[in-house]
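Asker: Chains as they are written, first to last, in UniProt numbering: chain P, 1 to 247; chain Z, 1 to 221.
Hints listed in this document are in silico derivations from the structure and should not be mistaken for laboratory results. Quantities reported herein were computed from a predicted structural model and do not represent experimental measurements. For each residue, glycine too, the CB sits at the ideal point set by N, CA and C. Incorrect hints may appear among the rest.
[To be verified] Cβ pair distances, simulated, as ranges:
1) P:T20 x Z:I89: 40 to 46 Å
2) Z:I89 x P:N19: 34 to 40 Å
3) Z:G83 x P:T20: 56 to 62 Å
4) Z:L144 x P:R244: 24 to 30 Å
5) Z:I140 x P:S144: 28 to 34 Å
6) P:S60 x Z:P135: 20 to 26 Å
7) Z:L60 x P:H134: 47 to 53 Å
8) P:G145 x Z:L60: 41 to 47 Å
9) Z:S213 x P:E176: 39 to 45 Å
10) P:G145 x Z:R217: 28 to 34 Å
11) Z:L144 x P:T74: 23 to 29 Å
12) Z:I78 x P:R76: 26 to 32 Å
13) Z:G123 x P:S60: 23 to 29 Å
14) Z:I118 x P:H134: 32 to 38 Å
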Amino acid sequence: MANRPMLEIVSLEKRFGTNTILKKIDLKVAEGELVFVIGPSGSGKSTMLRCCNRLEEPTSGDIIVDGRNIMAGTRRDLDRMRLQIGMVFQGFHLYPHMSVLKNVTLAQRKALKRSKVEADARAMDMLEQVGMEHKADAYPGELSGGQQQRVAIARSLALDPKVMLFDEPTSALDPELVGSVLKVMKDLKSKGMTMVVVSHEMGFARETADRVVFMDGGVVVEQGTPDEIFGAPKAERTRAFLSRVSG
Amino acid sequence: MDIFIDQFFNIEIMRKSLPLLITGLWMTLQLCSAVILLGLIGGLFVALGNMSERRWLRWLSIAYTDLFRALPPLVLLIFIYAGLPFAGINISPFAAVVIAFLLNNSSYYAEVYRAGLISVAKGQWEAAQSTGLSPAQTLIYVVLPQAVRNVLPDLLSNTVEVVKLTSLASVISLSELLYNAGMARSVTYNASPLVLAALFYLVLLWPLVRLVSHFQRRLAA
Ligand SMILES: Nc1ncnc2c1ncn2[C@@H]1O[C@H](COP(=O)(O)OP(=O)(O)OP(=O)(O)O)[C@@H](O)[C@H]1O
Ligand SMILES: [Mg+2]
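Pulled out of the complex, with its shape left as it was, chain P reads as follows (with noise of 0.2 Å):
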């Protein structure tokens, strides 16, 4: 059933006092595709990504992942839902006092309760997949700043989630670094992941994503393909704001 919404995101608004940041956003992400979300600092991209799971809570609107509103529902149902939604932070906020296997196995264990083998199991093969195994027994401190933020990709992946958001993946990295965490979200996109992906590397969108959202202001501007948003953007803020980034 391909094209089926993965996440949907209804009437979303949030207000902080009596600002509001994000006016009735409404955005699907269906199956397997990856969002690639633009917009001027300020506009409500990590906002919104952190109402998706409930990290801030939205003053109303729904969130729908896989037919499911986590609006509803009690505190022990957030938690189960908070599995199907992955979650990649600018700041990768590996636990320091674990190891990286540690890292990764703590929330199959604790919330999902796997077993110590099974987790372990599947632990390695996320590192794996993230080109992290080799350091399985290291302390986030004595990775780079690239190798943590794979490891941070390996501990949701763990998970089996149904939606992965990225919210500024590589922003905190060197340069140097930042093409291999964009190889592992290529990685997942070509494995079927549904992905919405905040981030200024648009030479990464114009390849991977098929579809850019332009917010500004607390809404959604403009979207399209990567080639009609970089292409032959339609609003004058768009327009104005990329002119800013590429130049």
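Take the given structure of chain P and dock chain Z with the ligands to it, following the hints.
Answerer: Showing chain Z with the ligands alone in chain P's frame:
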């Protein structure tokens, strides 16, 4: 000089008072274990209350830590032991000491925990919860180990204070180390048992004090 040695380092008298002092030491250790263990647990809950999203819990926690850090522990102890009976509440000396010092001690532990919890980056909470860990699991496996490591010297310092604090229990005639040493002194008319008790405290606390310095230096490095 002989008089000095005879009065303070009289081996014969030390030997004779040793059983009494050992009994006292045992009581001191029981007191310490109870106050430290319960304090470590209670203090954590008070610290969590302090960081809660519920305002009344925050206020309760702040009132608790303010009150019991401001009240002198000896005042608390005498109030609980000698004051509460006037309200018809009779408490054994042991329980009175544990309760009084627990109130005091858990407040200090709570402040230390709070500093530790704040020192852990918010991203750690978010990363853990985004992988489906519950708030309690996040606290236990991810945040608390880092928090404790960051404030280990302060937790240990506070523990040293607890051990010293228990000597105040002698005031209500609880037969802990200092009280028993005082007994031995009055029976033998000799200060050597007090010196021996001081040595016991030293042996008990000196390693801890060293450990504090060790961790402080390591954290500073
Ligand atoms: N916890 C918060 N409290 C108050 N305001 C907030 C909070 N988090 C975000 N904001 C505000 O919401 C707006 C959108 O922030 P957001 O981080 O989503 O933007 P962004 O598009 O991700 O920007 P950037 O490209 O800089 O990461 C900003 O104006 C920000 O100041
Ligand atoms: Mg952002």
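Asker: Against each hint, give a clear statement of whether it holds in the structure.
Answerer: Quick rundown of the hints versus the structure:
1. P:T20 x Z:I89: 40 to 46 Å: violated, 57 Å
2. Z:I89 x P:N19: 34 to 40 Å: Between I89 (chain Z) and N19 (chain P), where Cβ atoms are some 54 Å apart, the hint is violated.
3. Z:G83 x P:T20: 56 to 62 Å: Hint holds: Cβ distance 57 Å, inside 56 to 62 Å.
4. Z:L144 x P:R244: 24 to 30 Å: violated, 45 Å
5. Z:I140 x P:S144: 28 to 34 Å: Since I140 (chain Z) and S144 (chain P) have Cβ atoms about 30 Å apart, the given range 28 to 34 Å holds.
6. P:S60 x Z:P135: 20 to 26 Å: holds, 24 Å
7. Z:L60 x P:H134: 47 to 53 Å: Roughly 51 Å apart at Cβ, these two residues keep to the hinted range, so it holds.
8. P:G145 x Z:L60: 41 to 47 Å: holds, 42 Å
9. Z:S213 x P:E176: 39 to 45 Å: Holds - the Cβ-Cβ distance for S213 (chain Z) and E176 (chain P), about 42 Å, lies within 39 to 45 Å.
10. P:G145 x Z:R217: 28 to 34 Å: Once the Cβ atoms are compared, 29 Å apart, the range 28 to 34 Å for R217 (chain Z) and G145 (chain P) holds.
11. Z:L144 x P:T74: 23 to 29 Å: The hint (23 to 29 Å, Cβ to Cβ) holds, given that L144 (chain Z) and T74 (chain P) are roughly 24 Å apart.
12. Z:I78 x P:R76: 26 to 32 Å: violated, 48 Å
13. Z:G123 x P:S60: 23 to 29 Å: Holds, since G123 (chain Z) and S60 (chain P) (Cβ atoms, about 27 Å apart) stay within the stated range.
14. Z:I118 x P:H134: 32 to 38 Å: holds, 36 Å
Violated hints, in rising order: 1, 2, 4 and 12; the structure is consistent with all others.
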